[in-house]
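**Q** Since the structure of chain A is provided, determine the placement of chain B on it from the hints.
As given, the protein sequences belong to chains A and B, one line each in that order. Using the numbering used here, the first residue of the first sequence is number 20, and each one after it goes up by one. Using the numbering used here, the first residue of the second sequence is number 25, and each one after it goes up by one.
If you're looking for bench data, these hints aren't it; they were derived computationally from the structure. Just to be clear, a hint being listed does not mean it is correct.
[Said to hold, decoys possible] Cβ-Cβ distance ranges computed for the label pairs, FRET-style: (1) B:L178 <-> A:I356: 40 to 46 Å; (2) A:I356 <-> B:P194: 39 to 45 Å; (3) A:S29 <-> B:P241: 20 to 26 Å.
Heads up, the beta-carbon is just placed ideally off N, CA and C, and yes, glycines get one too.
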Amino acid sequence: MSTLAHWRSSFWTAVFWILVAAGIYGATLRYTPGLGSATHLTDAFPWGLWIGFDVMCGVGLAAGGFMLVATVHIFNLKRYKPILRPAILTAFLGYVLVIVALLLDLGRPERIWHALVMWNPHSVMFEVAWCVMLYTTVLALEFAPSVLEKFGGATPLRWLRTITIPLVIVGVILSTLHQSSLGSLYLIVPNKLHPLWYTPLLPLLFFLSAGCVGLAMTIFESWHSSRAFGKQLEVPLLNGLGRLLAVLLSAYLALRFTDLAQRRELSRVIEPGGEAYMFGLETALLGLPAVFLFLPAIRRRPAALYGCAFMAILGFVANRLNVAVTGMEAGSGTQYIPKWTEIAVTLAIIAAGFAVFRPAVKHLPIFEPVET
Amino acid sequence: MSKAMLFDSTLCIGCRACESACAEKWGLPYNDRIGAEERISAHKLTAIKTHGERFSRRLCMHCAEPTCVSVCPVGAFRKTADGPVVYDAEKCIGCRYCLLACPFSVPSYEWSSRQPRVRKCDFCEERQEAGRPTACSEACPTQATISGERTALLAEAKRRMAEKPAAYYPRIYGLKEAGGTSVFFLSAVPFEQLDLNTQLPDEPLPGLTWRALSQVPNIASAGAVLLGGVYWITHRREEVRKHEGGGKERLS
Numbered sequence: 020m021s022t023l024a025h026w027r028s029s030f031w032t033a034v035f036w037i038l039v040a041a042g043i044y045g046a047t048l049r050y051t052p053g054l055g056s057a058t059h060l061t062d063a064f065p066w067g068l069w070i071g072f073d074v075m076c077g078v079g080l081a082a083g084g085f086m087l088v089a090t091v092h093i094f095n096l097k098r099y100k101p102i103l104r105p106a107i108l109t110a111f112l113g114y115v116l117v118i119v120a121l122l123l124d125l126g127r128p129e130r131i132w133h134a135l136v137m138w139n140p141h142s143v144m145f146e147v148a149w150c151v152m153l154y155t156t157v158l159a160l161e162f163a164p165s166v167l168e169k170f171g172g173a174t175p176l177r178w179l180r181t182i183t184i185p186l187v188i189v190g191v192i193l194s195t196l197h198q199s200s201l202g203s204l205y206l207i208v209p210n211k212l213h214p215l216w217y218t219p220l221l222p223l224l225f226f227l228s229a230g231c232v233g234l235a236m237t238i239f240e241s242w243h244s245s246r247a248f249g250k251q252l253e254v255p256l257l258n259g260l261g262r263l264l265a266v267l268l269s270a271y272l273a274l275r276f277t278d279l280a281q282r283r284e285l286s287r288v289i290e291p292g293g294e295a296y297m298f299g300l301e302t303a304l305l306g307l308p309a310v311f312l313f314l315p316a317i318r319r320r321p322a323a324l325y326g327c328a329f330m331a332i333l334g335f336v337a338n339r340l341n342v343a344v345t346g347m348e349a350g351s352g353t354q355y356i357p358k359w360t361e362i363a364v365t366l367a368i369i370a371a372g373f374a375v376f377r378p379a380v381k382h383l384p385i386f387e388p389v390e391t
Numbered sequence: 025m026s027k028a029m030l031f032d033s034t035l036c037i038g039c040r041a042c043e044s045a046c047a048e049k050w051g052l053p054y055n056d057r058i059g060a061e062e063r064i065s066a067h068k069l070t071a072i073k074t075h076g077e078r079f080s081r082r083l084c085m086h087c088a089e090p091t092c093v094s095v096c097p098v099g100a101f102r103k104t105a106d107g108p109v110v111y112d113a114e115k116c117i118g119c120r121y122c123l124l125a126c127p128f129s130v131p132s133y134e135w136s137s138r139q140p141r142v143r144k145c146d147f148c149e150e151r152q153e154a155g156r157p158t159a160c161s162e163a164c165p166t167q168a169t170i171s172g173e174r175t176a177l178l179a180e181a182k183r184r185m186a187e188k189p190a191a192y193y194p195r196i197y198g199l200k201e202a203g204g205t206s207v208f209f210l211s212a213v214p215f216e217q218l219d220l221n222t223q224l225p226d227e228p229l230p231g232l233t234w235r236a237l238s239q240v241p242n243i244a245s246a247g248a249v250l251l252g253g254v255y256w257i258t259h260r261r262e263e264v265r266k267h268e269g270g271g272k273e274r275l276s
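Bound-form chain A, shown alone (with noise of 0.2 Å):
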């Protein structure tokens, strides 16, 4: 028994100075000889997977932060407190992370301050840039609590209180606009992007799915929790978060299906080809826990409920490679693979994520709110 933990915990180990070795010769590639080396980005297909991926998806899956915010702090569900400050964690960490994968995408990192100083309100990435920094900052004020409370600082403590309720409320705004920026990004491309994703409602509908995998997350990390620190599962909670994640999915998909009906472009989802393809991948990882989800029975279920967050996660992660990738291929007129080390970073990002998150969760009081 202890042999078998023993060795899991070395293969683990293992697996994860392999991804930040690979990951950081793919960075030091990227860093030299420039992007063209470490990626197989080009002039037709300049956004590949460390936007796609990394900063889509990451900024994505930080939302269920905004969402628990909002449920404790505004609506006032004092019973969802034991898994705020896990979800806080996700989101600064995931936040954190977006920015280490933007100071590797962009060409110029080091001038990432420039949009504080050079502004062009008609941009969709200024508004994007913007939001990256004010709601990071946020996330380090809503998370420092946790580690005040650990090294002591009162008085610091005591003010983050008094300015707590006006920081919640700028977050969940500033969320909301980050979230629907990142689809009004191609807004701008209408002749590019594939008309099974092109749509107006881009803003509305990436927000809302983010809402969606906010709770998928928060279940998906309650779930991991549990089982690596021997905590007992908030059931209830996840039972109430999986509803509303059922219900959430299913509005989005409503929006979804109507706004493809009302643009005559419903007959595309049977149109032969990659892109109907990876659309109905995406359309069942989120449609099937959607329907799941409503069965009381599975959501008693953790570990049917975790398969369901686990699924609608990947159908996000689907969707935003699929207006990313997918979707941009036909209309830039050539193919986009990326490269071996654009992987490399990325799951090297993706393991400094779960290495930081385990070392703070063990540390600080996270899963132990001290009464506010």
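**A** Just chain B now, kept in the frame of chain A:
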């Protein structure tokens, strides 16, 4: 007055003098191998494309309402009063949204540089300002490419079409595409046969994102009121419950 360019595919002989003049102006290398590359790139800011016996040209279209100007987060692109769309490499952070967004797929990136820039034709801004033609139109031996005042060039295009109606497809490419451009194409055949994008909307693209962006202040203010309101209601309820004494607080 606004500057423009007219490219008449029926007169182009594919000599590529425009390409080499452009390379010389930018200090870029030019030889037969680069000449054979029939697409624009970071080291080739204009290109002749062969379509059987016909030729077409690629270069920045210098849109009336440029998409690149609207999408750049740091305002590295600017449309000058004269018409050229120019780029300031010192501002650029390298997000490459301009490459993604340009309806004509014009901007190129220096993918193998450690300090990469976006490259694209600048319509020979400094030459045009001094009243001279662009380097490419000066080099063109057949008047296939000419540059000058927009109104005069459009009149010239119409004159050529009226003089030899059989030689021309009866439309000018660039008048309406994505809200209109400063580079106009004439051709003997429909423009899609020159691989030009004829599916572009007539409206300028920046309006598409502005419709969403202009909602930001509304969402922010409505959101603040809504969230503040919900907070007040839910916490007021709790207070009332406390005061009435009967309520059991359900603090976890």
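**Q** Are any of the numbered hints broken by this structure? If so, which, sorted upward?
**A** 3
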